[in-house]
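Colleague: So the protein sequences, as listed, match chains Z and E.
Take my numbering: the final residue in the first sequence is number 287, and no numbers are missing along the way.
Take my numbering: the final residue in the second sequence is number 1264, and no numbers are missing along the way.
In case anyone wonders, no lab produced these hints; they're calculated from the structure.
These numbers come from a predicted model, not from an experiment.
Beta carbons: idealized from backbone N, C-alpha and C, even for Gly.
Mixed in with the good hints there might be a few duds.
The following label-pair restraints were derived from C-beta to C-beta distances [unchecked claim]: (1) Z:Ile118 - E:Arg1084: 40 to 50 Å; (2) Z:Ala105 - E:Gly1243: 51 to 61 Å; (3) Z:Ile118 - E:Ala1059: 20 to 30 Å; (4) Z:Leu259 - E:Gly1076: 31 to 41 Å.
Non-contacting residues of chain E with respect to chain Z, defined by C-beta distances greater than 12 Å in every case (computed) [to be verified]: (5) Asp1016; (6) Val1022; (7) Val1093; (8) Gln1095; (9) Ser1122; (10) Glu1128; (11) Glu1201; (12) Arg1234; (13) Asp1238; (14) Glu1245; (15) Ala1258; (16) Thr1259.
Output of the computed footprint for chain Z on chain E, the stretches with three or more beta carbons under 8 Å from beta carbons of chain Z [stated by the list, open to error]: (17) 1025-1038; (18) 1076-1090; (19) 1096-1104.
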Amino acid sequence: MTKHSWAQELLRRPAGVAAAAWIVLLVVAAVVSSVWTPHDPFDTDPYSAWQTPSLNHLFGTDGIGRDIFSYVFAATRTTVVVAALAGVLASLVGIGLAALGSLTARWVRESTAVLIDILIAFPTILIAMLLSSILGGSLGVVITAVGIGYGVNIARVSRGEIRRVGRTDYVLAARASGVGSAGVLGRHILPNVAPVFVVQLSLAMATSILAEAGLSYLGYGASASTASWGRLLNDLQVYIAIHPGSVVWPGAAITLTVLAFNLLGDALRDATDPRLRARRATSEAIA
Amino acid sequence: MSPEAAGLEVSGLSIDIGGRRVVDDLSFSVATGERLGLIGESGSGKSLSILSLVGLAPADAVVAGSVRLDGRELVGLSERELARVRGRQIGMVFQDPLAALNPLHTIGRQIGEPLRLHEGLSRRDALERAVDAAAEVGLPDPAQITRLYPHQLSGGQRQRVGIAIALACRPALILADEPTTALDVTTQAAILDLFQRLVDERGASLVFVTHDLAVLARITSDVVVLSHGRAVERGTVDGILRGAEHPVTQGLVAAARATTWRAS
Ligand SMILES: Nc1ncnc2c1ncn2[C@@H]1O[C@H](COP(=O)(O)OP(=O)(O)O)[C@@H](O)[C@H]1O
Ligand SMILES: [Mg+2]
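Isolated chain E, as found in the complex:
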């Protein structure tokens, strides 16, 4: 992909924390409208990698390498410049939807926050848009639910709110960090369907992080396998299922087969 190409291009991304290299020379790219899965065991550096794409790695992390969005370099941008990218060009969905919502703010206010920031909407207009956004992610009784607080929603509803927030400003790229891991199996399926539909409708790019190959198979076919901060294998989900080369990938395949058997 040339530097001017539309989409996300990550090259040579390395992250050190306290002298320890937790992500090492990671490269991948996602063209506009494409999807990529980032898979690896717990602690392999998935969260740190995608957080650092938008400058959200912890303060004591040293990030090197290049992250380009539609040709524009994001590494080294000022906090102010990054704030204009976050939520507007790149939306993020988190793993634990309850923890990722402010307990003191209503659902409507939280969905409306990026809209107020990036589109300069008034409180009232943002709330109106939030109700529409809530409807779009399939929340029941949107006008009422936007007045509730996070603790009053179910786990699946909370993650729908998380998705509504990430998509509020129609970003071209969505980063999802294990968005279904905290949910039960039935809810997981519904949320994955929602993801599929919305990302398709918007023509957005998606980086989907998970430790579960069975989940990934429902979302995307292109996959990068991460182990100890390194990309150890790349390919398609089908290819990996047919014959994984790296032992870590073989482990992930075995785990996915086991859950699929249990589920069926």
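Same shape as in the complex, but just chain Z:
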């Protein structure tokens, strides 16, 4: 095995490629749908309610005659924005707390550890309900709740990992070679913590999509004027016994996207670790 960049490694994994392709597709859909959708996603037409899929209405229509495809298409923007912002916020909270909890003076380190333990006791849903009772339901609430809720998770896992890696022989050996503290952190500790971080981040982004859907479903999330898969699912599930076909679309969109984030996280972890690359190569040789 010779050296490959992690991007090349990722492209050699079918699951990783499929997941990355799905997410790229979502981002493209989010951009395109902000300037064009086949129909206005909010346009109601009582005369064309519950139509089955056709060329005009690819996913059919709902009970008030909205074009389901246009709505699902337009809602990609909500999903992408929520996942991206929640991911950024969770990373900032996670990295910030993890760094405070592992690289600072002893009393800061230990207080941060306690703070992380306290924050972890608050489930994301509770943070969202608290925030929305104060600020009203909005996507901002979803993003903040997931960002903090999952950021704390990332902090706890990353902090433990930074401390574990910091105590390894290879970090000691690097210092014995004359590597300074910045080099030890940047070249030896963080790259070895990255795989765990990436998996946690992908979980946070997947969770943010589920949380957006769930909270919008419960009324704490997207407002009625924002297209959201969770809200559509809520609208359609009432009629699931009569029109089961229509629920499939937002349901599949949510499931596939959550799956894609999880698969991409795992594929990235494998692609960045030479030991896991080797394991994959071996299992391929056996297969």
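Position chain E with the ligands against the provided structure of chain Z, taking the given hints into account.
Modeller: Below, chain E with the ligands without anything else, positioned relative to chain Z:
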């Protein structure tokens, strides 16, 4: 040895961790080009002693005493100053060669790291030197092996890499902490031969830590016996084999005789 004398001089080295004294008033010296064995049972303070020579004792350890390299006091130097000593003037070899290599970096990058740090080499130049260094420690197909990762090498090859890293910048002093303990007997012999040859060629000083007198006998004759953080006996390997005074030393001699019988 006068303070200006070339080589390593350790005097009154004491280490406390959490109120417990784990190394107590340890003194020894190694003149340039000389070798010294530090022997003792597991937990006697060997690793802590040699780590603290270059300021690498754990953060909660309190280190007192004096460590002079060519007359220069190392205890109390800033982390920045110590970083310029480590790898450049003093090279270290560790016990578990797999654990001591970064799993994410290629062999070439790891051998090249001290060269980039201390000699300011570019990535490419460091890699070129790493290939030479790999050849020097007897790694097969050096150009290819420097592109591999630690998990792809055998135990003996990994320790050769560890030695290449320690020797990359041609340090005047090498500290080796049980470098053959994790290896099987045949590999052990090959690595000891390599050590002999390289240290000789370079005219470097060596502090060789082990719990195995049979291993030590192949490397050096001068030895300090450590027990519970104290130097309990000093002398030559021959002298100790002829008549050890301290019970701990007698135990080490008995253990060495037992392994030698098994091996022969
Ligand atoms: N990081 C540490 N914290 C607390 N005690 C330690 C630490 N490292 C080593 N010790 C203690 O110091 C003593 C000497 O350890 P060490 O130098 O590793 O022994 P050796 O290398 O001779 O086996 C042991 O009793 C060990 O338990
Ligand atoms: Mg030891």
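Colleague: Mind checking the hinted window 40 to 50 Å against the Cβ distance between Z:Ile118 and E:Arg1084?
Modeller: holds (43 Å)
Colleague: Just double-check E:Glu1245 for me: nearest Cβ-Cβ distance to chain Z has to come out over 12 Å.
Modeller: holds (34 Å)
Colleague: Please verify that the nearest CB of chain Z lies beyond 12 Å from E:Val1093's CB.
Modeller: violated (9 Å)
Colleague: Taking C-beta pairs only, is E:Val1022 more than 12 Å away from all of chain Z?
Modeller: Per Cβ check, E:Val1022 is outside 12 Å of chain Z; nearest 17 Å; holds.
Colleague: With d taken as the least Cβ-Cβ distance between E:Asp1238 and chain Z, does d exceed 12 Å?
Modeller: With a cut-off of 12 Å, E:Asp1238 remains clear of chain Z, as the shortest Cβ separation is near 32 Å.
Colleague: Cut-off 8 Å, C-beta pairs, minimum 3 residues; does the coverage of the stretch 1076-1090 of chain E by chain Z stand?
Modeller: Result for this restraint: holds, n = 8.
Colleague: If I claimed the Cβ atoms of Z:Ala105 and E:Gly1243 lie 51 to 61 Å apart, would that claim hold in this structure?
Modeller: holds (53 Å)
Colleague: Given that the stretch 1096-1104 of chain E was listed as covered by chain Z, double-check it with a C-beta distance under 8 Å for 3 or more residues.
Modeller: Holds: 7 residues of the stretch 1096-1104 of chain E have a Cβ under 8 Å from chain Z.
Colleague: Quick one: work out the minimum CB distance from E:Thr1259 to chain Z and report holds if it exceeds 12 Å, violated otherwise.
Modeller: Non-interface label on E:Thr1259 holds, nearest chain Z Cβ at 26 Å vs cutoff 12 Å.
Colleague: For the range 20 to 30 Å, tell me whether the beta carbons of Z:Ile118 and E:Ala1059 fit it or not.
Modeller: holds (26 Å)
Colleague: Check the non-interface label on E:Glu1201: least C-beta distance to chain Z beyond 12 Å or not.
Modeller: The claim stands: E:Glu1201 keeps its Cβ more than 12 Å from every Cβ of chain Z (closest is about 21 Å).
Colleague: Is the nearest CB of chain Z more than 12 Å from the CB of E:Ala1258?
Modeller: holds (29 Å)
Hint check: violations occur at hints 4, 7, 8, 17; the rest are consistent with the structure.
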